[in-house]
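The listed protein sequences derive, respectively, from chains S and U.
Heads up: the first sequence begins at 1 in the working numbering, then just goes up one per residue.
Heads up: the second sequence begins at 1001 in the working numbering, then just goes up one per residue.
You may find that some hints are simply not true.
With a Cα cut of at most 30 Å, we get these calculated DSSO-like pairs of lysine-lysine [stated by the list, open to error]: (1) S:K12 <-> U:K1034; (2) S:K42 <-> U:K1013; (3) S:K320 <-> S:K338; (4) U:K1034 <-> S:K3; (5) U:K1015 <-> S:K119; (6) U:K1034 <-> U:K1133; (7) S:K98 <-> U:K1130; (8) S:K320 <-> S:K339; (9) S:K264 <-> S:K338; (10) S:K119 <-> S:K3; (11) S:K12 <-> U:K1047; (12) U:K1067 <-> S:K33; (13) U:K1019 <-> S:K16; (14) U:K1133 <-> U:K1002; (15) S:K369 <-> S:K308; (16) S:K16 <-> U:K1133; (17) S:K42 <-> S:K66; (18) U:K1019 <-> S:K119; (19) U:K1015 <-> S:K42; (20) S:K465 <-> S:K430; (21) U:K1019 <-> S:K98; (22) U:K1002 <-> U:K1130; (23) U:K1034 <-> S:K98; (24) S:K308 <-> S:K339; (25) S:K213 <-> U:K1130.
Cβ-Cβ distance ranges computed for the label pairs, FRET-style [to be verified]: (26) U:L1045 <-> S:E19: 23 to 29 Å; (27) S:E77 <-> U:L1045: 35 to 41 Å; (28) U:S1021 <-> S:E77: 42 to 48 Å; (29) S:G170 <-> U:Q1126: 55 to 61 Å; (30) U:K1047 <-> S:D49: 30 to 36 Å; (31) U:K1067 <-> S:T47: 24 to 30 Å; (32) U:A1035 <-> S:D23: 36 to 42 Å; (33) U:E1119 <-> S:D23: 46 to 52 Å; (34) U:Y1071 <-> S:G312: 28 to 34 Å; (35) S:E77 <-> U:L1012: 32 to 38 Å; (36) S:Q69 <-> U:K1130: 38 to 44 Å; (37) U:K1067 <-> S:E396: 56 to 62 Å.
Calculated directly from the structure, the hints in this document are not laboratory data.
Predicted, not measured: the structure shown is a model, and the values here were computed from it.
Here a beta-carbon is modelled for each residue, glycine too, at the ideal position from N, C-alpha and C.
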Amino acid sequence: MAKVFIPTPLRKFTEKQSEVNLDGKNVAEILEKLVERYPELKQYLFTVDGNIPPFINIFVGEQDIKNLQMTNTSVKEDTLVSIIPAIAGGSGEVSFSKGEMARYDRHITIPEFGLEGQKKLKQARVLVVGSGGLGSPLLLYLAAAGVGNIGIIDFDRVEDSNLHRQVIFGEEEIGMAKVEAARKRLLGLNPYINIEVYNERFTSKNALELVEKYDLVADGTDNFPTRYLVNDACVLKGKTNVYASIFQFEGQVSVFNLRDEHGKFGPNYRDLYEMPPPPGLVPNCAEGGVLGVLPGIIGSMQALEVIKVITGVGEPLGGKLYSFDALSFTSRIFTFHKKPSNPLNGENPIQTGLVDYEEFCGLPKQSFKEITPEEFLKLEGYGEKFQLIDVREPHEYESNNLSGELIPLGSIIENTDLIKKDRKVVLHCKMGGRSAQAIHMLEQEYGFDNLYNLKGGIEAVMALKQKEQVL
Amino acid sequence: MKSVTLPKYQLLKLKEWAKGSNEEICGFLFGYEKAGSSSIVECSLVKNIAPINRGSRFLISPEDYLKAEEYSNSNSLQLLGVFHSHIGASPNPSITDVQNSLPGIFYLIISIFENSQFEIQTWELQPCVKLVKTIIN
């Protein structure tokens, strides 16, 4: 029998029992029996959909079942299952300490801005993607202005060549993770705010979850795949995306997916550029270069738009693209509208989730060399000498083979010395999947560059041989 | 009206904690209950782990909660309730407080204002908010 610990607040429903013994093989069964015995507990332990409500934590032993198998977590004879209420609350009021009031005095003094504007900043949650050239001034001004909760995601480290524009960092931070260096600098500037950092790439895997946690996203990245990813994640999650970009002497700023007073979303990046330019046409800062002061100007404008969106002061650049040419010192504002063909939220939305943005932007996928069954059979005659490796299992090899050397996929790592380096090596399996896996592993981990995957595997070769015999 | 007694020196402790923090403070109230009136014997401070806006939000970790239950059990005290502070706001239960509250325990709120003035209010959910008289002695 498992013991169930009942917390003090719920004991009035269990006849003051603090421990109840119940039979069951997992947490779900135990809880079911518990509410069967004490029906009044049900409203606290289950939502209407039968899930555990967010204000109840269940521990098995010392561990939260969220870190185990949730309610499927198995329970033994003497397991202690603890029901723990989340104790929470708070005034919910945004208040400022004396120090904060003094710090933000010049903001609060602006009649249109006032204490109300400052309160909105303090409550705001902003995710800044990229802490480089644009991210530097953007983060510095957002932190200084008192944006209460700032998330920063960047996988990069500070390099010497960053410092001519990425003014958030100093020489002593070279080699440090950018997010860590940025956090240190920002908390040094304003200790009254919260900074959360993510030292990782912003990818299709983490984008939606991260964007969900914030009210607004500011995109300071320098490449098309991430730009489309930020845009799409914001549109899918209903968040405003304050966008900026720079190239050599030009900068752009806009506010995508801005909600109007009726709750309707404005145009987004896909309405401006539905498809990315061909790869290589527009280089990034590392390839094309950038005048150091330009991201300072444009990133500051981006910070301005973030602050305007949060506070509702002024008219943000929704549906407008601001463009600045530093050489001629000219600015232009272009208006753009929602396009019916927008794949995310046009008339016939065809994209309901995130995609592979590297591929979408036409960047080469990591690929390996292949050989077709036709080419393979040709080589078998008089062609270049090569080593043939079969990565299938022994029983598959026994039933039919191409007289290659058998090294099953599972043991290939231990047998890399059997793989020749002085000639081409063709790997195959039944249909080409396992051999591709083997090649990927061998190229990544062991630096092989002489490996070819037999397309379609032994099956394709057999089919081709049969066809040739018939002919 | 139910009542709860809070010893003076325990109130002093609460004030000190609240004064020394720019975030809401939170913790547990231990004591005993006799014939409808409760007496607080001890207040213990725990960490506010609210992920954001700790100046106006508090959250107690499940681990700290379990420790408090264990403490009350091994010291023959009752876990009477929970305290937290409001910074610059009245000690009346806020919407956030009520949304997160459970029946069966007291909630004591100590408000701290700019001029170091304090106010306290105790309440419980039964099943709606009922104020509890706080007697300081």
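Hints versus structure:
1. For a cut-off of 30 Å, the pair hint linking K12 of chain S to K1034 of chain U stands: about 16 Å separates their Cα positions.
2. This hinted pair does not check out: K42 of chain S and K1013 of chain U have alpha carbons roughly 38 Å apart, beyond 30 Å.
3. Among the hinted pairs, K320 of chain S with K338 of chain S is consistent with the structure: their alpha-carbon atoms are about 11 Å apart, no more than 30 Å.
4. This hinted pair checks out: K1034 of chain U and K3 of chain S have alpha carbons roughly 29 Å apart, not beyond 30 Å.
5. Proximity of K1015 of chain U to K119 of chain S is assessed by CA-CA distance (about 26 Å); at most 30 Å being required, the pair is judged to hold.
6. Among the hinted pairs, K1034 of chain U with K1133 of chain U is consistent with the structure: their alpha-carbon atoms are about 15 Å apart, no more than 30 Å.
7. Taking the CA atoms of K98 of chain S and K1130 of chain U, the gap is near 33 Å; set against the 30 Å cutoff, the hint is violated.
8. Pair hint K320 of chain S plus K339 of chain S holds up; C-alpha atoms about 14 Å apart against a cutoff of 30 Å.
9. For the hint linking K264 of chain S to K338 of chain S, the alpha-carbon distance of about 12 Å falls within 30 Å, and the restraint holds.
10. A threshold of 30 Å between alpha carbons decides the hint, and for K119 of chain S with K3 of chain S the separation of about 47 Å lies outside it, so the pair is violated.
11. Proposed proximity of K12 of chain S and K1047 of chain U is supported: the alpha carbons are some 27 Å apart, at most 30 Å.
12. For the proposed pair K1067 of chain U and K33 of chain S, the alpha carbon gap of about 26 Å is at most 30 Å, so the pair holds.
13. The suggested pairing of K1019 of chain U with K16 of chain S is violated, with an alpha-carbon distance near 37 Å, which exceeds 30 Å.
14. Distance restraint check for K1133 of chain U and K1002 of chain U: the Cα-Cα separation of roughly 6 Å lies within the 30 Å cut-off, and the hinted pair is therefore satisfied.
15. Distance hint between K369 of chain S and K308 of chain S is unfulfilled; the C-alpha atoms sit about 52 Å from each other, more than 30 Å.
16. The straight-line distance between the Cα atoms of K16 of chain S and K1133 of chain U is roughly 24 Å, inside the 30 Å bound, and the hint therefore holds.
17. Using a Cα cut-off of 30 Å, the hinted pair K42 of chain S and K66 of chain S holds, with the two alpha carbons roughly 20 Å apart.
18. A threshold of 30 Å between alpha carbons decides the hint, and for K1019 of chain U with K119 of chain S the separation of about 22 Å falls inside it, so the pair holds.
19. With a C-alpha separation of about 38 Å, the suggested pairing of K1015 of chain U with K42 of chain S is violated against the 30 Å cut-off.
20. With a C-alpha separation of about 15 Å, the suggested pair K465 of chain S and K430 of chain S falls inside the 30 Å cut-off, and the hint holds.
21. Between K1019 of chain U and K98 of chain S, the direct Cα distance comes to roughly 13 Å. Compliance with the 30 Å bound is thereby established for this hinted pair.
22. As the CA atoms of K1002 of chain U and K1130 of chain U are separated by approximately 9 Å, the hinted pair is consistent with the 30 Å bound.
23. This hinted pair does not check out: K1034 of chain U and K98 of chain S have alpha carbons roughly 43 Å apart, beyond 30 Å.
24. With a C-alpha separation of about 25 Å, the suggested pairing of K308 of chain S with K339 of chain S holds against the 30 Å cut-off.
25. Proposed proximity of K213 of chain S and K1130 of chain U is contradicted: the alpha carbons are some 35 Å apart, above 30 Å.
26. Between L1045 of chain U and E19 of chain S, the C-beta spacing of about 28 Å keeps the proposed range 23 to 29 Å intact.
27. For E77 of chain S paired with L1045 of chain U, a C-beta distance near 38 Å keeps the hint of 35 to 41 Å intact.
28. Between S1021 of chain U and E77 of chain S the beta carbon distance is about 45 Å. The supplied range of 42 to 48 Å therefore holds.
29. The hinted window of 55 to 61 Å between G170 of chain S and Q1126 of chain U holds, with their beta carbons roughly 58 Å apart.
30. A hinted range of 30 to 36 Å holds for the C-beta pair K1047 of chain U and D49 of chain S, which are about 32 Å apart.
31. The hinted range of 24 to 30 Å is satisfied by K1067 of chain U and T47 of chain S, whose Cβ atoms lie roughly 27 Å apart.
32. The hint said 36 to 42 Å for the Cβ distance between A1035 of chain U and D23 of chain S, and at roughly 38 Å that hint holds.
33. Taken as a hint, the range 46 to 52 Å holds for the pair E1119 of chain U and D23 of chain S, whose Cβ atoms sit roughly 50 Å apart.
34. Between Y1071 of chain U and G312 of chain S the beta carbon distance is about 47 Å. The supplied range of 28 to 34 Å is therefore violated.
35. Distance hint for E77 of chain S and L1012 of chain U: a CB-CB separation of about 48 Å, inconsistent with the stated range 32 to 38 Å.
36. Between Q69 of chain S and K1130 of chain U the beta carbons are some 40 Å apart, a value that agrees with the proposed interval 38 to 44 Å.
37. Look at K1067 of chain U against E396 of chain S: about 57 Å separates their beta carbons, and that is inside 56 to 62 Å.
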